[in-house]
Amino acid sequence: MIDVRCIGIATALFVGICCQVRAQLPEDPVAQAEILIGQEQFAKAEQVLMTARRQQPDNMEALYRLGYVQFRQRKLAAAKQSFSAVIAAAPPAYFSRYFLGRISLLEENAAEAIRWLEPVAASKEAVFDAAVQLSGAYAQMGQLPKAASTLQAAIPRSPWDGALYFRLGQIQQRMGQAGMARESFAASNRLKSANRDDVERLMEVSAALRKGEFAAAFAAGGGVEARQPADPGALVALGILYGNAGLDPHALSAFEAAAQLDPKLFDAHLNRGLAHLKRGNLTAAIEALTVAGKLLPQSVETNRALGLALVMAKRYADAQTPLEQALRADPAQQRLGLMLATAYLRTGSAAKALPLLRRLTAQEAEDPSALLLLIDAQTASEDFHGALQTARLARRRFPNAAEPAMAEAQQLVRLGQYQSARPIWELALGLKPDSMEAELGLADCLQKAGEHDQALAHYQIAARGRGTVLGAKVGMARSLVALKRLDEARAVLEEALGGNSGSILLRQELSRVYARLGRSDLAAEQARLVDQMRSAGSP
Amino acid sequence: MTRVICFLAWQAAVVAPVQPRFADIASKAGLNDVIVSGGMPKRYVLEVNGSGACWLDFDRDGYQDLYLVNGATLAQLQGKAVRNTTNHLYRNNGKGGFIDVTAKAGMPGTGWGFGCIAADYDNDGNTDLLITQFGPNVLYRNIGNGTFADVTGKANVGGGAVWHAGAAFSDYDLDGDLDLFVPGYLDFDSKNPILKNCEYRGVKVQACGPLGYRGAPDSLYRNNGDGTFTDVTRQSGVLDAKLYFGFQAVFEDFDNDGWPDLFVGNDSNPNYLYRNNRDGTFTENGIASGVALSGDGKELSSMGIAVADYDHDGWMDLFVTTFAGDNYVLFHNDGDGFFSDVSYPSGIGEPTVPYLGWAAMFLDFDNDGHPDLFCANGHVFPEVDGKLTETFRQPQQLFRNLGAGKFRDVSAATGIAKLPAQSARGGSVADFDNDGDMDIIVSVMDGKPMLLENRGGHASGNWLRIVLQGTRANRMGIGARVKVKTGGLTQTAGLRAGESYLSSNDPRLHFGLGTAVEADVEVVWPGGGIQRVRSVAANREIVVRQPEK
Numbered sequence: 099m100i101d102v103r104c105i106g107i108a109t110a111l112f113v114g115i116c117c118q119v120r121a122q123l124p125e126d127p128v129a130q131a132e133i134l135i136g137q138e139q140f141a142k143a144e145q146v147l148m149t150a151r152r153q154q155p156d157n158m159e160a161l162y163r164l165g166y167v168q169f170r171q172r173k174l175a176a177a178k179q180s181f182s183a184v185i186a187a188a189p190p191a192y193f194s195r196y197f198l199g200r201i202s203l204l205e206e207n208a209a210e211a212i213r214w215l216e217p218v219a220a221s222k223e224a225v226f227d228a229a230v231q232l233s234g235a236y237a238q239m240g241q242l243p244k245a246a247s248t249l250q251a252a253i254p255r256s257p258w259d260g261a262l263y264f265r266l267g268q269i270q271q272r273m274g275q276a277g278m279a280r281e282s283f284a285a286s287n288r289l290k291s292a293n294r295d296d297v298e299r300l301m302e303v304s305a306a307l308r309k310g311e312f313a314a315a316f317a318a319g320g321g322v323e324a325r326q327p328a329d330p331g332a333l334v335a336l337g338i339l340y341g342n343a344g345l346d347p348h349a350l351s352a353f354e355a356a357a358q359l360d361p362k363l364f365d366a367h368l369n370r371g372l373a374h375l376k377r378g379n380l381t382a383a384i385e386a387l388t389v390a391g392k393l394l395p396q397s398v399e400t401n402r403a404l405g406l407a408l409v410m411a412k413r414y415a416d417a418q419t420p421l422e423q424a425l426r427a428d429p430a431q432q433r434l435g436l437m438l439a440t441a442y443l444r445t446g447s448a449a450k451a452l453p454l455l456r457r458l459t460a461q462e463a464e465d466p467s468a469l470l471l472l473i474d475a476q477t478a479s480e481d482f483h484g485a486l487q488t489a490r491l492a493r494r495r496f497p498n499a500a501e502p503a504m505a506e507a508q509q510l511v512r513l514g515q516y517q518s519a520r521p522i523w524e525l526a527l528g529l530k531p532d533s534m535e536a537e538l539g540l541a542d543c544l545q546k547a548g549e550h551d552q553a554l555a556h557y558q559i560a561a562r563g564r565g566t567v568l569g570a571k572v573g574m575a576r577s578l579v580a581l582k583r584l585d586e587a588r589a590v591l592e593e594a595l596g597g598n599s600g601s602i603l604l605r606q607e608l609s610r611v612y613a614r615l616g617r618s619d620l621a622a623e624q625a626r627l628v629d630q631m632r633s634a635g636s637p
Numbered sequence: 009m010t011r012v013i014c015f016l017a018w019q020a021a022v023v024a025p026v027q028p029r030f031a032d033i034a035s036k037a038g039l040n041d042v043i044v045s046g047g048m049p050k051r052y053v054l055e056v057n058g059s060g061a062c063w064l065d066f067d068r069d070g071y072q073d074l075y076l077v078n079g080a081t082l083a084q085l086q087g088k089a090v091r092n093t094t095n096h097l098y099r100n101n102g103k104g105g106f107i108d109v110t111a112k113a114g115m116p117g118t119g120w121g122f123g124c125i126a127a128d129y130d131n132d133g134n135t136d137l138l139i140t141q142f143g144p145n146v147l148y149r150n151i152g153n154g155t156f157a158d159v160t161g162k163a164n165v166g167g168g169a170v171w172h173a174g175a176a177f178s179d180y181d182l183d184g185d186l187d188l189f190v191p192g193y194l195d196f197d198s199k200n201p202i203l204k205n206c207e208y209r210g211v212k213v214q215a216c217g218p219l220g221y222r223g224a225p226d227s228l229y230r231n232n233g234d235g236t237f238t239d240v241t242r243q244s245g246v247l248d249a250k251l252y253f254g255f256q257a258v259f260e261d262f263d264n265d266g267w268p269d270l271f272v273g274n275d276s277n278p279n280y281l282y283r284n285n286r287d288g289t290f291t292e293n294g295i296a297s298g299v300a301l302s303g304d305g306k307e308l309s310s311m312g313i314a315v316a317d318y319d320h321d322g323w324m325d326l327f328v329t330t331f332a333g334d335n336y337v338l339f340h341n342d343g344d345g346f347f348s349d350v351s352y353p354s355g356i357g358e359p360t361v362p363y364l365g366w367a368a369m370f371l372d373f374d375n376d377g378h379p380d381l382f383c384a385n386g387h388v389f390p391e392v393d394g395k396l397t398e399t400f401r402q403p404q405q406l407f408r409n410l411g412a413g414k415f416r417d418v419s420a421a422t423g424i425a426k427l428p429a430q431s432a433r434g435g436s437v438a439d440f441d442n443d444g445d446m447d448i449i450v451s452v453m454d455g456k457p458m459l460l461e462n463r464g465g466h467a468s469g470n471w472l473r474i475v476l477q478g479t480r481a482n483r484m485g486i487g488a489r490v491k492v493k494t495g496g497l498t499q500t501a502g503l504r505a506g507e508s509y510l511s512s513n514d515p516r517l518h519f520g521l522g523t524a525v526e527a528d529v530e531v532v533w534p535g536g537g538i539q540r541v542r543s544v545a546a547n548r549e550i551v552v553r554q555p556e557k
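Protein chains in written order, with my numbering: chain H, 99 to 637; chain Y, 9 to 557.
Any given hint could turn out to be false.
Here are the computed lysine-lysine pairs in the DSS-like style, where the Cα-Cα straight-line distance is at most 25 Å [as the list claims (entries may be wrong)]:
(1) Y:Lys395 to H:Lys450
(2) Y:Lys204 to H:Lys450
(3) H:Lys376 to H:Lys412
(4) H:Lys582 to Y:Lys414
Derived DEER-like restraints, expressed as beta-carbon distance ranges [what the hints assert, rightly or not]:
(5) H:Gly616 to Y:Lys103: 30 to 36 Å
(6) Y:Gly411 to H:Arg495: 44 to 50 Å
(7) H:Ser618 to Y:Arg68: 53 to 59 Å
(8) H:Gln630 to Y:Thr397: 37 to 43 Å
(9) H:Gly446 to Y:Pro49: 24 to 30 Å
(10) Y:Lys204 to H:Ala251: 51 to 57 Å
(11) H:Leu615 to Y:Gly411: 28 to 34 Å
(12) H:Leu615 to Y:Ser198: 47 to 53 Å
(13) H:Gly563 to Y:Thr397: 30 to 36 Å
(14) Y:Asp287 to H:Leu615: 22 to 28 Å
(15) H:Gly565 to Y:Lys426: 43 to 49 Å
(16) Y:Pro49 to H:Arg280: 57 to 63 Å
(17) Y:Pro49 to H:Ser618: 48 to 54 Å
(18) H:Glu592 to Y:Ala31: 52 to 58 Å
Some chain Y residues well away from chain H (every beta-carbon gap over 12 Å; in silico) [as the list claims (entries may be wrong)]:
(19) Ile33
(20) Gly38
(21) Arg516
Hints are computed from structural coordinates only; laboratory data are not their basis. No residue lacks a Cβ here, since even glycine has one placed at the ideal position from N, Cα and C.
Start from the sequences and build out the full structure, keeping to the hints where you can.
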């Protein structure tokens with residue numbers, strides 16, 4: 099691995115090389131070359147390194163620096179060869195990949211540049227301005243959303259780097275996101291005029307956190323927080339660094355402080371909202387993200403996060419507008435689409451959910467969530483045949499998942515096709531042996547076929563599940579009645595009534611059983627309660 | 009020896025299994041009048057429920073005549089158009105055809121007709137007819153000379169401005185004359201009807217209901233024995249305080265205590281089962297008895313009702329047709345009037361889910377001794393065509409009773425499935441041609457009726473037809489329980505007036521005997537008294553007259 103020591107300032111583009119001035123060149127050719135590079139004597143450095151290569155062909159440090167000096171002299175073909183050799187011998191060699199990407203850009207081959215730079219940007223390594231270069235390559239290819247998202251991903255790693263915000267603003271402008279661009283340029287200006295000490299402290303925090311030296315990180319960060327007055331932009335940057343390191347309480351504290359100092363600072367509200375969301379503080383997250391949303395309504399990230407928070411808080415009606423806005427800006431986002439579809443379904447707007455879900459399910463997916471939601475939407479619209487077709491499609495696409503099988507069985511039951519549903523429930527049980535729902539479904543099919551002993555066995559298992567216990571107890575009672583085991587049926591129902599006194603179904607069955615046991619008084623009482631509950635609109 | 013072999017061969021030929029088939033001979037038989045029910049498009053719930061069909065031998069010539077109830081249009085009801093349709097009384101000519109004698113008989117109906125029941129309410133030996141209507145009912149008394157008189161006012165059974173549905177006669181107090189129960193459906197304002205716009209499974213429809221409307225009250229009329237009735241609804245305990253949407257009622261002794269109980273099929277509400285307390289009152293027991301709701305605890309859109317002891321255990325079972333998407337429900341009487349939903353184990357559940365059912369009749373169409381089941385189907389929303397898998401016009405269904413509590417759909421094998429799909433409503437069974445097998449009349453909404461002649465039923469098995477004549481009991485023997493024993497099989501049937509959907513069946517009880525050539529008959533008369541007739545030869549009609557004392 100190439101060891102890079104960096105002492106550059108925020109605006110430095112090529113922070114990778116130490117600068118040392120010595121009275122005389124050291125004997126080590128790599129060390130010699132480093133000094134000459136620092137003095138920008140690239141041709142001399144090249145000669146030293148080529149000699150070193152001849153003497154030590156396996157010296158990758160020499161080879162990498164050879165490539166660098168060739169690059170600086172615009173000897174692009176030679177540089178390509180050198181960097182390629184480093185990658186071949188010592189992969190992944192992100193720094194070499196970075197320069198190959200730079201060479202591709204100089205040769206106006208953006209596609210090739212993307213291929214070199216994508217793994218570099220995706221790695222955890224801090225490799226110069228790889229994100230900026232990659233973003234530029236995307237922008238050259240017209241892939242503006244990717245250009246923007248690359249920069250947005252890079253910002254948390256270097257939140258003090260105003261150049262990232264500036265480039266981002268340019269991309270957003272090209273995308274017609276005037277409001278977002280304004281905000282990015284403002285952030286860039288704030289950082290450009292940021293206090294130099296703050297910037298240095300932020301870089302110290304970043305370095306310390308990378309090494310896991312939390313005490314040192316907090317000490318440096320404390321300096322940013324203690325400044326009077328503190329810089330809200332710097333506090334946001336500090337919060338981002340803490341957040342990336344998983345130090346959520348510290349991150350939140352920095353964001354809250356920034357928001358208090360500058361109530362109109364979008365980034366402060368967005369980030370505190372995100373921090374609250376991460377910690378599960380939904381009310382606070384919604385409050386913060388709502389403020390951010392008012393400051394910058396076009397912010398996709400804000401809308402997405404606010405939508406998610408509202409869905410998690412079960413405020414489905416409120417979630418729809420931010421999710422719709424986020425999805426309009428990024429229609430390919432499956433998860434976003436699924437959240438919005440869920441919000442529609444939970445507010446009885448199956449008609450709105452259907453076209454969205456049809457679009458989502460036309461795409462390949464890793465799991466059957468979208469198809470299962472489509473089934474829900476079709477069922478809510480009473481398109482049971484359509485729901486059955488979708489369930490069958492889900493089962494074809496995901497043959498090893500239990501949920502599509504259960505969905506198919508449920509639809510068959512809805513259509514009254516218990517005989518056909520039975521083997522599908524059995525299949526679902528095979529795929530998910532602990533599924534109480536499948537046990538209950540199978541039990542019902544067996545009961546409908548008049549196979550009451552078998553039905554009982556499955557009802558008894560299903561009765562262990564919290565969501566299936568009521569259905570299972572009622573089912574057990576019905577089968578027991580059919581088997582003329584009336585006292586057992588009564589016991590099951592009376593016991594179930596303890597935790598389900600508001601269940602009309604239980605009381606109906608109990609009335610029947612009491613009547614058969616000759617207890618017409620108790621039967622009449624249960625029937626009277628059922629009548630009362632029905633009139634009151636009980637479930 | 010040769011003669012014996014020839015006889016045996018002939019006997020085998022007579023009773024060799026023949027697959028009966030049904031053919032629609034309505035047009036050939038002269039039943040060519042369209043049954044009106046508001047017309048198209050269907051904008052109001054009033055227009056989608058159709059009307060009934062009743063068999064009665066009004067002229068006592070031994071052949072069952074036919075009365076088809078007709079509806080009207082809203083414009084006619086509002087007085088904005090002249091009513092140009094009537095109900096129809098068709099006299100059976102004994103040769104497979106019918107002649108319209110409505111005008112001569114003087115029984116056209118007086119408004120928008122729904123149901124009919126044929127019964128001798130005044131015990132004079134002539135079968136009378138009650139028409140239930142939107143608005144006051146009409147009671148036609150059979151004068152005996154081929155004409156009828158409207159005696160509604162005198163009888164006091166008009167019922168006022170209520171939408172009356174499928175009524176039933178029975179002697180609930182066992183005083184020897186027939187009392188009357190008339191369910192009320194819903195409160196529809198025909199003068200200022202509200203056009204509703206609803207959605208049915210995503211399809212916009214207009215003739216929605218009954219939910220969203222107020223229900224109409226039921227009525228029980230006790231026969232005073234002098235041609236008049238008294239409204240005893242409140243004091244008898246059948247008040248329907250919840251104003252459920254009553255569609256069809258049936259009297260039958262479900263707990264075998266000798267007293268007729270009353271089942272009321274309610275649309276989208278729990279059904280009622282009123283147990284006769286034997287003192288002039290009833291106690292509603294639907295939930296406890298298990299017939300208020302389906303076996304899954306769901307409210308049913310109960311339309312038509314059929315009653316029979318389909319499994320020969322001596323207890324009368326119930327069958328109810330329901331809405332599309334719900335299975336029709338077969339309630340097995342487990343004894344003492346407690347029921348279990350056996351729709352699915354019996355084989356009837358699944359095939360009926362896609363359809364919307366109305367008239368329902370048990371009939372032993374193949375004379376094998378097991379009552380089979382016919383359902384008349386048709387949707388209420390024409391708007392579903394082309395938009396859903398359900399259709400407005402639907403095939404009819406026939407289920408053969410296989411014995412051991414199982415049924416099989418034999419609609420295809422019997423030609424029923426080949427009939428044109430219809431939006432059918434009322435219907436009833438009768439051996440109209442007296443050939444020894446049961447035929448079916450189906451009233452078709454906005455269309456001509458279907459008269460489904462049973463071809464081959466009489467050749468498929470031996471039969472016995474029993475006509476009851478009460479003396480101390482009501483003249484028709486309504487409420488009697490008849491057992492027919494052949495070999496190891498005992499069939500039990502009850503005589504009812506008012507069943508299926510808005511309709512009345514042939515009052516002569518038909519029993520298929522299979523290969524048995526004789527049977528023992530036992531009649532338990534309403535009010536008491538058992539009469540037995542032994543070793544009755546098959547393939548004939550017998551009259552069992554109750555002894556005077």
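Going down the list of hints, with the structure as the test:
The hinted pair formed by lysine 395 of chain Y and lysine 450 of chain H meets the criterion: a straight-line CA distance of about 19 Å does not exceed 25 Å. At roughly 24 Å between alpha-carbon atoms, lysine 204 of chain Y and lysine 450 of chain H fall within 25 Å of each other, so this suggested pair holds. As the CA atoms of lysine 376 of chain H and lysine 412 of chain H are separated by approximately 17 Å, the hinted pair is consistent with the 25 Å bound. The suggested pairing of lysine 582 of chain H with lysine 414 of chain Y holds, with an alpha-carbon distance near 20 Å, which does not exceed 25 Å.
Between glycine 616 of chain H and lysine 103 of chain Y the beta carbons are some 57 Å apart, a value that contradicts the proposed interval 30 to 36 Å. For the pair glycine 411 of chain Y and arginine 495 of chain H, the beta carbons lie near 46 Å from each other, so the given range of 44 to 50 Å is met. For serine 618 of chain H and arginine 68 of chain Y, the hinted distance range of 53 to 59 Å is not satisfied, since their beta carbons lie about 45 Å from each other. About 38 Å separates the C-beta atoms of glutamine 630 of chain H and threonine 397 of chain Y, a value consistent with the hinted range of 37 to 43 Å.
Range check, glycine 446 of chain H to proline 49 of chain Y: Cβ separation about 28 Å, and the 24 to 30 Å hint holds. For lysine 204 of chain Y and alanine 251 of chain H, the hinted distance range of 51 to 57 Å is satisfied, since their beta carbons lie about 56 Å from each other. Remark: the range hint 28 to 34 Å for leucine 615 of chain H to glycine 411 of chain Y is upheld by a beta-carbon distance near 31 Å. Between leucine 615 of chain H and serine 198 of chain Y the Cβ separation comes to about 48 Å, which falls inside the hinted range of 47 to 53 Å.
At roughly 33 Å, the beta carbons of glycine 563 of chain H and threonine 397 of chain Y sit within the given window of 30 to 36 Å. One distance hint, 22 to 28 Å for the beta-carbon pair aspartate 287 of chain Y and leucine 615 of chain H, holds here, with the actual separation near 25 Å. A hinted range of 43 to 49 Å for the beta carbons of glycine 565 of chain H and lysine 426 of chain Y is consistent with their spacing of about 47 Å. Distance hint check: the CB atoms of proline 49 of chain Y and arginine 280 of chain H are about 58 Å apart, consistent with the given range 57 to 63 Å.
Roughly 49 Å separates the CB atoms of proline 49 of chain Y and serine 618 of chain H, a value that falls within the hinted 48 to 54 Å. For glutamate 592 of chain H and alanine 31 of chain Y, the hinted distance range of 52 to 58 Å is satisfied, since their beta carbons lie about 56 Å from each other. Distance check on isoleucine 33 of chain Y: its Cβ is at least 34 Å (rounded) from any Cβ of chain H, clearing the 12 Å threshold; non-interface status holds. Chain H leaves glycine 38 of chain Y outside its interface by the beta-carbon criterion, the shortest separation being 40 Å against a cut-off of 12 Å.
The beta carbon of arginine 516 of chain Y sits about 35 Å from the closest Cβ of chain H, which is more than 12 Å, so the claim that it is off the interface holds.
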